[in-house]
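Chain B: place on chain A using the hints.
2 protein chains.
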Amino acid sequence: MGEFELIRQVFEPVARLSRTPGLILGIGDDCAIQRIPEGHELVFSVDTLVEGVHFPRDYNPEYLATRALAVAVSDLAAMGADPVCYTLALTLPRADRPWLERFGRTLAHTSRAFGIALAGGDTTRGPLAVTIQVHGTVPVGQALMRGGAKPGDNVVVSGSLGDAAEALNWLDVEAGQKTNVLLDRYHRPQPRLQLGQYLRGRASAAIDISDGLAADLGHILEASGVGARLDLALLPLSAALAEVAGSNATRQALNGGDDYELCFTVPKSQWLEVQQSREETLTVIGEIVETPGLQLQNASGLECGEGGYDHFR
Amino acid sequence: MGEFELIRQVFEPVARLSRTPGLILGIGDDCAIQRIPEGHELVFSVDTLVEGVHFPRDYNPEYLATRALAVAVSDLAAMGADPVCYTLALTLPRADRPWLERFGRTLAHTSRAFGIALAGGDTTRGPLAVTIQVHGTVPVGQALMRGGAKPGDNVVVSGSLGDAAEALNWLDVEAGQKTNVLLDRYHRPQPRLQLGQYLRGRASAAIDISDGLAADLGHILEASGVGARLDLALLPLSAALAEVAGSNATRQALNGGDDYELCFTVPKSQWLEVQQSREETLTVIGEIVETPGLQLQNASGLECGEGGYDHFR
Numbered sequence: 001m002g003e004f005e006l007i008r009q010v011f012e013p014v015a016r017l018s019r020t021p022g023l024i025l026g027i028g029d030d031c032a033i034q035r036i037p038e039g040h041e042l043v044f045s046v047d048t049l050v051e052g053v054h055f056p057r058d059y060n061p062e063y064l065a066t067r068a069l070a071v072a073v074s075d076l077a078a079m080g081a082d083p084v085c086y087t088l089a090l091t092l093p094r095a096d097r098p099w100l101e102r103f104g105r106t107l108a109h110t111s112r113a114f115g116i117a118l119a120g121g122d123t124t125r126g127p128l129a130v131t132i133q134v135h136g137t138v139p140v141g142q143a144l145m146r147g148g149a150k151p152g153d154n155v156v157v158s159g160s161l162g163d164a165a166e167a168l169n170w171l172d173v174e175a176g177q178k179t180n181v182l183l184d185r186y187h188r189p190q191p192r193l194q195l196g197q198y199l200r201g202r203a204s205a206a207i208d209i210s211d212g213l214a215a216d217l218g219h220i221l222e223a224s225g226v227g228a229r230l231d232l233a234l235l236p237l238s239a240a241l242a243e244v245a246g247s248n249a250t251r252q253a254l255n256g257g258d259d260y261e262l263c264f265t266v267p268k269s270q271w272l273e274v275q276q277s278r279e280e281t282l283t284v285i286g287e288i289v290e291t292p293g294l295q296l297q298n299a300s301g302l303e304c305g306e307g308g309y310d311h312f313r
Numbered sequence: 001m002g003e004f005e006l007i008r009q010v011f012e013p014v015a016r017l018s019r020t021p022g023l024i025l026g027i028g029d030d031c032a033i034q035r036i037p038e039g040h041e042l043v044f045s046v047d048t049l050v051e052g053v054h055f056p057r058d059y060n061p062e063y064l065a066t067r068a069l070a071v072a073v074s075d076l077a078a079m080g081a082d083p084v085c086y087t088l089a090l091t092l093p094r095a096d097r098p099w100l101e102r103f104g105r106t107l108a109h110t111s112r113a114f115g116i117a118l119a120g121g122d123t124t125r126g127p128l129a130v131t132i133q134v135h136g137t138v139p140v141g142q143a144l145m146r147g148g149a150k151p152g153d154n155v156v157v158s159g160s161l162g163d164a165a166e167a168l169n170w171l172d173v174e175a176g177q178k179t180n181v182l183l184d185r186y187h188r189p190q191p192r193l194q195l196g197q198y199l200r201g202r203a204s205a206a207i208d209i210s211d212g213l214a215a216d217l218g219h220i221l222e223a224s225g226v227g228a229r230l231d232l233a234l235l236p237l238s239a240a241l242a243e244v245a246g247s248n249a250t251r252q253a254l255n256g257g258d259d260y261e262l263c264f265t266v267p268k269s270q271w272l273e274v275q276q277s278r279e280e281t282l283t284v285i286g287e288i289v290e291t292p293g294l295q296l297q298n299a300s301g302l303e304c305g306e307g308g309y310d311h312f313r
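Protein sequences appear in the order of chains A and B. Under the UniProt record's numbering, the first residue of the first sequence carries the number 1, and numbering increases by one thereafter. Under the UniProt record's numbering, the first residue of the second sequence carries the number 1, and numbering increases by one thereafter.
Looking at chain A on its own, in the form it has when it is part of the complex (with noise of 0.2 Å):
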């Protein structure tokens, strides 16, 4: 059987176990094609994984599909979308049947239960490479954005933090029961797909954090052109990452990436409703102020300033 056979016999039953109502034409012709609803707009955004960069050389093939697909969703999870379908480009080495099955049968999984479908993609030659683009819509205007933090509105984290950060400590290491729990952050990112849905129309700002709170959130601190304090005492540390970095773990939480929870603003007077309506943990963590910059306040209630959070990074 040629490659090309190959690649066709494990990726078209992703698309067949993956398939959403927006997408009409899916592979095996020169394009994709999507429907948007009336009154959506797309939103889409690419992630590229190298080997040896983004994930470990001989990563295993059922993490690597997991996380490049959740790496991907989760910024339309930042957006409040709804996820439609997706591209894969991969490059590999060579075509390695049982590499590939296992691949794509936790493709197909993962796909599914982020209800996004495989829309098509390129399989190219070359060094191991995973890049994803994700579609998904939002009703027009209501896509949430990096821009819209006001000073007073609380900032808010999603679940806890740090605990993929620590996990890269634990990658090749026996491991225990707790290191456990952080190695499947890492592994196994939950894109926030429903918390992003449900705050359109009601969080003033939102960003994934992929590349650690203090960078993410400053994104949204630049492009709303205003500043927070954040109480560092208030970072949501799970128990796990508490007992296992020690004193470590506050700024694992601060400075790690790869926990792909959302960080979002919102208004006060919205607060208590948010809090109320929803499931999963939401940690108030400080607020928007005018001064542009980030302010942290240690355990004592100190000022550390900008400078301590230089010393963080």
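Keep in mind the hints are simulated off the structure, nothing from the lab. Take the hints with a grain of salt, since some may be wrong.
[What the hints assert, rightly or not] The following label-pair restraints were derived from C-beta to C-beta distances:
{"#": "1", "chain 1": "B", "residue 1": "GLY201", "chain 2": "A", "residue 2": "GLU12", "range": "26 to 36 Å"}
{"#": "2", "chain 1": "B", "residue 1": "VAL140", "chain 2": "A", "residue 2": "ARG188", "range": "49 to 59 Å"}
{"#": "3", "chain 1": "B", "residue 1": "ASN60", "chain 2": "A", "residue 2": "GLN275", "range": "53 to 63 Å"}
{"#": "4", "chain 1": "B", "residue 1": "LYS150", "chain 2": "A", "residue 2": "ALA215", "range": "54 to 64 Å"}
{"#": "5", "chain 1": "B", "residue 1": "GLY28", "chain 2": "A", "residue 2": "LYS268", "range": "25 to 35 Å"}
{"#": "6", "chain 1": "B", "residue 1": "GLU12", "chain 2": "A", "residue 2": "ARG97", "range": "54 to 64 Å"}
{"#": "7", "chain 1": "B", "residue 1": "ALA215", "chain 2": "A", "residue 2": "PRO292", "range": "38 to 48 Å"}
{"#": "8", "chain 1": "B", "residue 1": "ARG188", "chain 2": "A", "residue 2": "ASP211", "range": "36 to 46 Å"}
[As the list claims (entries may be wrong)] Counterexamples of contact, computed for chain B against chain A with all Cβ distances above 10 Å:
{"#": "9", "residue": "GLU3"}
{"#": "10", "residue": "ARG19"}
{"#": "11", "residue": "CYS31"}
{"#": "12", "residue": "GLN34"}
{"#": "13", "residue": "ASN169"}
{"#": "14", "residue": "GLY176"}
{"#": "15", "residue": "ARG200"}
{"#": "16", "residue": "GLU279"}
{"#": "17", "residue": "ASN298"}
[Claimed, not checked] Just a few of them, taken from the derived set where beta-carbon distance is under 7 Å, the chain B residues facing chain A:
{"#": "18", "residue": "ILE27"}
{"#": "19", "residue": "ASP29"}
{"#": "20", "residue": "ARG35"}
{"#": "21", "residue": "MET79"}
{"#": "22", "residue": "ASP122"}
A virtual CB, placed ideally from N, CA and C, is assigned to each residue, including glycine.
Below, chain B without anything else, positioned relative to chain A:
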């Protein structure tokens, strides 16, 4: 200046210079946003070019930018779509300012020439590769597809065939006037956007010739459940190819890739109008028949049959 800032400085002007009305939000948030006009649908396609596989090592950045975008846009032409925007996932071994500036300048020009806007992207560290996903729109249900060819339809190609494939033999050779014509076909393919748009509602099937006429027409035949009889003497050869490739010219025209001309089928009743309406060279090279497979007639009118086809591979 950081790498991030360099990338921003190179690609923001490309985005600014290439803007199109359909792109509502470009670079700078978690996702880009595209609005699809009422009564239209989105068509999209992704292509990866890897150094040493799809383009030569140390290929100049002007050619790379042009080819990568042209190859991707050609898929929009093959669907009869109006181009809107694209994403660029660029993997680079290092952030080389002069290289990036040359790449960006050419990308801006080429984007404007094709009427397509840079909407976003991802730049990562790794072996040189370019992944471009193009977005276009078509009126609902009017996209040109591969599956509609009917027995009796004319098989038509645009322009001349085989030039780009022959050029591959001259990449590293001191070029003359004739070979320069061929090299230009390889380095700067011209997607047939206007022809594709014109063919909506007129052609019964269409594809762009990236892998060679025999292979790509084969995709139409398979998708349509028909066959075709081609007259090899009718394949359109450029004067440059005839002179440079000699007795090998027909083989290059039949099996050589990288031309990015359109191959389409059209009912005989429509052909005269199509031919009279278009200014580009369009050549009838055969017709669709019921019997599956590709039948080839040589210059003396003898059937080469599918065997003949195989000999040419």
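Quick rundown of the hints versus the structure:
1. B:GLY201 <-> A:GLU12: 26 to 36 Å: holds, 30 Å
2. B:VAL140 <-> A:ARG188: 49 to 59 Å: violated, 38 Å
3. B:ASN60 <-> A:GLN275: 53 to 63 Å: holds, 57 Å
4. B:LYS150 <-> A:ALA215: 54 to 64 Å: holds, 57 Å
5. B:GLY28 <-> A:LYS268: 25 to 35 Å: Once the Cβ atoms are compared, 27 Å apart, the range 25 to 35 Å for A:LYS268 and B:GLY28 holds.
6. B:GLU12 <-> A:ARG97: 54 to 64 Å: violated, 43 Å
7. B:ALA215 <-> A:PRO292: 38 to 48 Å: Since the Cβ atoms of B:ALA215 and A:PRO292 sit about 57 Å apart, the hinted range of 38 to 48 Å is violated.
8. B:ARG188 <-> A:ASP211: 36 to 46 Å: holds, 37 Å
9. GLU3: About 13 Å separates B:GLU3 from the closest Cβ of chain A, which puts it past 10 Å; holds.
10. ARG19: Holds, since 17 Å exceeds 10 Å.
11. CYS31: violated, 4 Å
12. GLN34: At roughly 4 Å from the nearest Cβ of chain A, B:GLN34 sits no farther out than 10 Å, so the non-interface label is violated.
13. ASN169: holds, 22 Å
14. GLY176: Given a closest Cβ separation of 33 Å, the condition holds.
15. ARG200: Non-interface label on B:ARG200 holds, nearest chain A Cβ at 13 Å vs cutoff 10 Å.
16. GLU279: With a cut-off of 10 Å, B:GLU279 remains clear of chain A, as the shortest Cβ separation is near 23 Å.
17. ASN298: holds, 28 Å
18. ILE27: violated, 11 Å
19. ASP29: Since the shortest Cβ distance to chain A is 5 Å, the answer is holds.
20. ARG35: Where the cut-off is 7 Å and the nearest Cβ of chain A is about 5 Å from B:ARG35, the hint holds.
21. MET79: holds, 5 Å
22. ASP122: Since the shortest Cβ distance to chain A is 5 Å, the answer is holds.
Checked against the numbered hints given earlier, this structure breaks hints 2, 6, 7, 11, 12, 18; the rest are met.
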